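Q: If you want the building blocks of each chain, they are given just below.
There are 2 protein chains.
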Amino acid sequence: MANIKISIIGAGSAIFSLRLVGDLCRTEELSGVVVSLMDIDKERLDAVHILAERYAKALGSNLKFEKTMDLNTSIDGAAFVVNSALVGGHGYLEKTRKIGEDNGYYRGIDTQEFNMVSDYHTLTNTGQLDFFLKVADTIKKLSPDAWLLQAANPVFEGTTLVYRETGVKILGFCHGFHGVEEVIRELELDINSVDWQVAGFNHNIWLTRFLHKGKDAYPLLDKWILEKSKNWKPENPFNDQLSPSSIDMYKFYGMLPIGDSVRNGSWKYHFNDDVKKKWFGEPWGGADSKTGWAWYQNMLKETTEETEKLSKSMDADLLKRFPPDKMSGEQHISFINAIINNRKTRLILNIPNRDGIVPYIPDDVFIEVPLTVDADGVHPEKLEPEIPERIVSMYLLPRWLRMEWALAAFRNRDLEIFKEFLIRDPRTKSYEQVESVINQLMEELPEFRAHYKKN
Amino acid sequence: MANIKISIIGAGSAIFSLRLVGDLCRTEELSGVVVSLMDIDKERLDAVHILAERYAKALGSNLKFEKTMDLNTSIDGAAFVVNSALVGGHGYLEKTRKIGEDNGYYRGIDTQEFNMVSDYHTLTNTGQLDFFLKVADTIKKLSPDAWLLQAANPVFEGTTLVYRETGVKILGFCHGFHGVEEVIRELELDINSVDWQVAGFNHNIWLTRFLHKGKDAYPLLDKWILEKSKNWKPENPFNDQLSPSSIDMYKFYGMLPIGDSVRNGSWKYHFNDDVKKKWFGEPWGGADSKTGWAWYQNMLKETTEETEKLSKSMDADLLKRFPPDKMSGEQHISFINAIINNRKTRLILNIPNRDGIVPYIPDDVFIEVPLTVDADGVHPEKLEPEIPERIVSMYLLPRWLRMEWALAAFRNRDLEIFKEFLIRDPRTKSYEQVESVINQLMEELPEFRAHYKKN
Numbered sequence: 015m016a017n018i019k020i021s022i023i024g025a026g027s028a029i030f031s032l033r034l035v036g037d038l039c040r041t042e043e044l045s046g047v048v049v050s051l052m053d054i055d056k057e058r059l060d061a062v063h064i065l066a067e068r069y070a071k072a073l074g075s076n077l078k079f080e081k082t083m084d085l086n087t088s089i090d091g092a093a094f095v096v097n098s099a100l101v102g103g104h105g106y107l108e109k110t111r112k113i114g115e116d117n118g119y120y121r122g123i124d125t126q127e128f129n130m131v132s133d134y135h136t137l138t139n140t141g142q143l144d145f146f147l148k149v150a151d152t153i154k155k156l157s158p159d160a161w162l163l164q165a166a167n168p169v170f171e172g173t174t175l176v177y178r179e180t181g182v183k184i185l186g187f188c189h190g191f192h193g194v195e196e197v198i199r200e201l202e203l204d205i206n207s208v209d210w211q212v213a214g215f216n217h218n219i220w221l222t223r224f225l226h227k228g229k230d231a232y233p234l235l236d237k238w239i240l241e242k243s244k245n246w247k248p249e250n251p252f253n254d255q256l257s258p259s260s261i262d263m264y265k266f267y268g269m270l271p272i273g274d275s276v277r278n279g280s281w282k283y284h285f286n287d288d289v290k291k292k293w294f295g296e297p298w299g300g301a302d303s304k305t306g307w308a309w310y311q312n313m314l315k316e317t318t319e320e321t322e323k324l325s326k327s328m329d330a331d332l333l334k335r336f337p338p339d340k341m342s343g344e345q346h347i348s349f350i351n352a353i354i355n356n357r358k359t360r361l362i363l364n365i366p367n368r369d370g371i372v373p374y375i376p377d378d379v380f381i382e383v384p385l386t387v388d389a390d391g392v393h394p395e396k397l398e399p400e401i402p403e404r405i406v407s408m409y410l411l412p413r414w415l416r417m418e419w420a421l422a423a424f425r426n427r428d429l430e431i432f433k434e435f436l437i438r439d440p441r442t443k444s445y446e447q448v449e450s451v452i453n454q455l456m457e458e459l460p461e462f463r464a465h466y467k468k469n
Numbered sequence: 015m016a017n018i019k020i021s022i023i024g025a026g027s028a029i030f031s032l033r034l035v036g037d038l039c040r041t042e043e044l045s046g047v048v049v050s051l052m053d054i055d056k057e058r059l060d061a062v063h064i065l066a067e068r069y070a071k072a073l074g075s076n077l078k079f080e081k082t083m084d085l086n087t088s089i090d091g092a093a094f095v096v097n098s099a100l101v102g103g104h105g106y107l108e109k110t111r112k113i114g115e116d117n118g119y120y121r122g123i124d125t126q127e128f129n130m131v132s133d134y135h136t137l138t139n140t141g142q143l144d145f146f147l148k149v150a151d152t153i154k155k156l157s158p159d160a161w162l163l164q165a166a167n168p169v170f171e172g173t174t175l176v177y178r179e180t181g182v183k184i185l186g187f188c189h190g191f192h193g194v195e196e197v198i199r200e201l202e203l204d205i206n207s208v209d210w211q212v213a214g215f216n217h218n219i220w221l222t223r224f225l226h227k228g229k230d231a232y233p234l235l236d237k238w239i240l241e242k243s244k245n246w247k248p249e250n251p252f253n254d255q256l257s258p259s260s261i262d263m264y265k266f267y268g269m270l271p272i273g274d275s276v277r278n279g280s281w282k283y284h285f286n287d288d289v290k291k292k293w294f295g296e297p298w299g300g301a302d303s304k305t306g307w308a309w310y311q312n313m314l315k316e317t318t319e320e321t322e323k324l325s326k327s328m329d330a331d332l333l334k335r336f337p338p339d340k341m342s343g344e345q346h347i348s349f350i351n352a353i354i355n356n357r358k359t360r361l362i363l364n365i366p367n368r369d370g371i372v373p374y375i376p377d378d379v380f381i382e383v384p385l386t387v388d389a390d391g392v393h394p395e396k397l398e399p400e401i402p403e404r405i406v407s408m409y410l411l412p413r414w415l416r417m418e419w420a421l422a423a424f425r426n427r428d429l430e431i432f433k434e435f436l437i438r439d440p441r442t443k444s445y446e447q448v449e450s451v452i453n454q455l456m457e458e459l460p461e462f463r464a465h466y467k468k469n
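Keeping their order, the protein sequence lines are chains A and B.
Each number in the working numbering comes from the position in the first sequence (counting from 1) with 14 added on.
Each number in the working numbering comes from the position in the second sequence (counting from 1) with 14 added on.
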């Protein structure tokens with residue numbers, strides 16, 4: 015494996031990088047690969063580099079590490095590029111949110127019907143989408159056969175954009191589907207007896223197949239709802255897989271939303287923080303409320319501090335934080351191993367809708383579905399049963415349109431499309447409000463202005 | 015032609031019926047056909063019957079008339095059924111609008127993005143859609159080869175529903191496309207030198223081809239906008255083809271909306287009566303404002319009084335009101351003549367999207383396009399150029415989804431779908447508001463309650 019190079023763009027996210035490094039160490043067949051850690055934040059890059067080397071050594075792995083602040087250097091010769099960079103960082107997202115809220119858009123204008131996740135910026139983070147394209151263009155130039163594993167959000171918009179504009183071999187990665195396991199655990203089922211599929215778009219997936227020992231397992235969920243849902247309480251703001259909102263969406267759509275999809279219901283669950291509390295539980299009202307998001311921001315801060323501490327601590331602490339015996343749950347390394355060593359693996363990935371898996375949706379739009387990966391590439395499973403009509407008509411199609419409008423505004427650098435998108439936002443009360451929020455974005459955010467300025 | 019019977023359902027609308035009768039009289043080749051006038055309002059039916067007979071006689075026609083209050087009798091043996099009935103009348107529409115406004119829905123809940131036309135009820139007039147199906151079922155039973163010419167609204171929802179549920183030969187009729195002629199007149203072009211196409215859905219059509227002497231005529235419109243649009247003033251609330259809203263939609267979408275489509279822009283043009291005045295002109299703010307709609311209601315009243323007067327007046331008055339020398343502009347009789355006598359005719363009709371004319375739209379959804387009719391049926395024209403992507407993505411697709419949601423609620427008699435539709439309405443501020451408006455509809459409207467009551 016000595017010739018295989020894996021590039022991690024945005025490697026300064028220590029937790030994410032160490033999860034991948036751990037998975038690599040645990041995958042014997044990938045021993046000897048070279049990991050290129052790339053980030054523009056020198057301090058964080060150095061810290062992660064030290065941690066990664068120590069961690070690999072502690073696990074007895076012979077992974078090799080490079081570090082670089084240069085995109086070209088990292089991508090040149092890579093067989094796999096994992097893009098986990100968040101351009102502008104969380105601070106930029108909070109700036110755009112504040113501008114939205116200044117103008118009457120609760121939770122910011124990127125928060126939209128079926129996209130309430132607070133850092134899934136589809137409209138304002140032009141820098142992020144520009145960078146997606148930059149990474150893809152660099153791959154095209156330097157490593158045209160490389161796979162691009164898109165980990166950073168917005169995965170739905172980003173993968174579709176990159177695929178259409180560059181044609182590189184991009185796939186979208188998200189760990190949200192693990193929500194299925196939470197359901198299985200909560201229903202006290204043996205995971206090996208459960209046969210499941212999820213399908214939809216990223217952050218918009220549904221448990222379309224749910225069989226226990228070959229029999230429909232949804233009645234077991236119904237029983238849980240009847241007997242146990244009243245005792246449900248969230249342990250943290252992100253603990254929403256079996257929240258009242260999830261159950262309510264299940265009742266309406268006939269199937270359970272999985273992972274971040276639960277956060278992405280309509281405004282019914284999100285009108286304001288009080289409504290959120292009702293649907294996502296006290297005290298936070300889910301992750302995308304004022305207090306829930308403060309909890310998350312605090313966690314981000316603690317993580318940064320922890321990383322610093324870990325980089326100066328004992329190996330034992332490192333191994334405690336990242337236990338050596340368990341795969342992380344991220345799918346990137348399993349994917350890489352499946353491709354390189356033909357290790358047939360089942361994953362849930364975002365791929366183009368080439369075989370018309372989701373009806374009515376064009377074949378260049380990215381869908382999230384179960385598939386098998388091997389040395390020949392990805393092979394989507396046949397969905398049985400198909401995605402129900404109501405989910406397609408009332409959930410996926412409207413989400414698809416919003417993706418198209420966001421990309422049309424971005425690609426054409428056309429603020430008129432942007433405005434028309436906002437006119438259709440339920441929070442918009444007047445055209446002046448639309449103009450005001452856009453003016454403020456143009457004034458206060460140089461990155462946004464650079465993208466949309468008139469030629 | 016003695017064997018041909020044409021059934022007019024809802025014939026009590028005197029103006030509409032007399033327009034068709036006049037067109038029949040003016041179409042020599044259809045002499046001798048039998049017209050069955052059907053209405054449940056005996057008084058109006060009698061009046062129209064008298065007027066129709068007198069009018070035909072005055073024009074020297076040998077049309078034969080029957081009148082009946084029984085649907086079966088009228089449809090039995092008919093080759094063509096024109097359905098122009100408005101179940102519940104205008105009064106019902108105003109009742110539902112008031113309930114909407116009582117609950118914070120300006121102009122009523124049927125007024126929606128891309129469907130602002132105040133009597134195009136897609137949600138609350140369940141009786142109307144039920145009646146569409148009843149007419150179609152009666153045709154299936156008694157005259158299965160008959161053509162169903164759907165004249166009453168909602169044409170888009172209704173034709174699609176009837177086609178899917180019954181499979182009868184239904185086509186949708188609307189005269190809105192005549193807006194093109196108004197544009198041609200205003201630009202002072204010779205109509206015979208203009209080559210045009212319109213396409214979209216009913217009340218959502220666009221001037222997709224506009225050539226003058228073979229050359230792009232849109233620059234002539236641009237010139238008009240530059241030089242003359244500032245002098246534009248509406249002569250009545252419906253006079254909006256070249257209103258600021260129409261021009262603004264043209265600027266954004268790249269093509270001019272035609273006819274009632276101008277009324278169906280987004281909330282940008284409709285937030286409130288003041289906004290409407292800006293976009294549709296003073297003093298009314300278009301047809302779908304408080305004062306504009308009052309104007310229309312007054313006209314309806316005057317029309318009823320006029321009908322009564324005419325039925326007692328001299329033939330000369332009748333001929334003055336319905337001049338004998340000019341076709342009415344309605345397309346029904348041209349269609350019938352084209353089918354019966356193989357008179358190849360170009361019309362703008364609503365037909366299933368069978369040949370994928372509108373991309374992304376299923377083939378059982380009705381589209382409004384130019385076509386040729388002859389004895390073999392309807393032959394849609396090839397659209398050249400195609401409908402622009404922006405119109406499809408940002409206008410037709412969202413309108414399509416709203417049609418699907420309305421029909422899904424109606425067909426499944428499912429108030430949960432109805433609620434979910436309303437949750438996505440920009441006017442909705444809370445779930446309680448949704449429940450409140452639905453409760454009031456259920457309480458105050460027996461027809462609505464009958465349709466949606468739990469089995």
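There could be a bad hint or two in this list.
[Unchecked claim] The calculated label-pair distances, taken between Cβ atoms and stated as ranges, are: (1) R427/A x E320/B: 49 to 57 Å; (2) D288/A x E395/B: 36 to 44 Å; (3) P376/A x P233/B: 31 to 39 Å; (4) D262/A x Q311/B: 39 to 47 Å; (5) M83/A x E449/B: 54 to 62 Å; (6) P376/A x M456/B: 38 to 46 Å; (7) D151/B x K247/A: 28 to 36 Å.
Calculated directly from the structure, the hints in this document are not laboratory data.
Only a predicted model underlies this, so the values are computations on that prediction, with no experimental measurement involved.
Cβ atoms here follow ideal geometry from the backbone N, Cα and C, with glycine treated the same way.
Q: Each hint: holds or not?
A: Now for the hints, and whether the structure bears them out:
1. Between R427/A and E320/B the beta carbon distance is about 56 Å. The supplied range of 49 to 57 Å therefore holds.
2. Range check, D288/A to E395/B: about 55 Å between beta-carbon atoms, so the 36 to 44 Å window is missed.
3. As the Cβ distance of P376/A to P233/B is approximately 33 Å, the hint placing it in 31 to 39 Å holds.
4. The hinted window of 39 to 47 Å between D262/A and Q311/B holds, with their beta carbons roughly 41 Å apart.
5. Between M83/A and E449/B the beta carbon distance is about 56 Å. The supplied range of 54 to 62 Å therefore holds.
6. Checked against the given bound of 38 to 46 Å, the beta carbons of P376/A and M456/B, roughly 40 Å apart, stay inside it.
7. The hinted window of 28 to 36 Å between D151/B and K247/A is violated, with their beta carbons roughly 53 Å apart.
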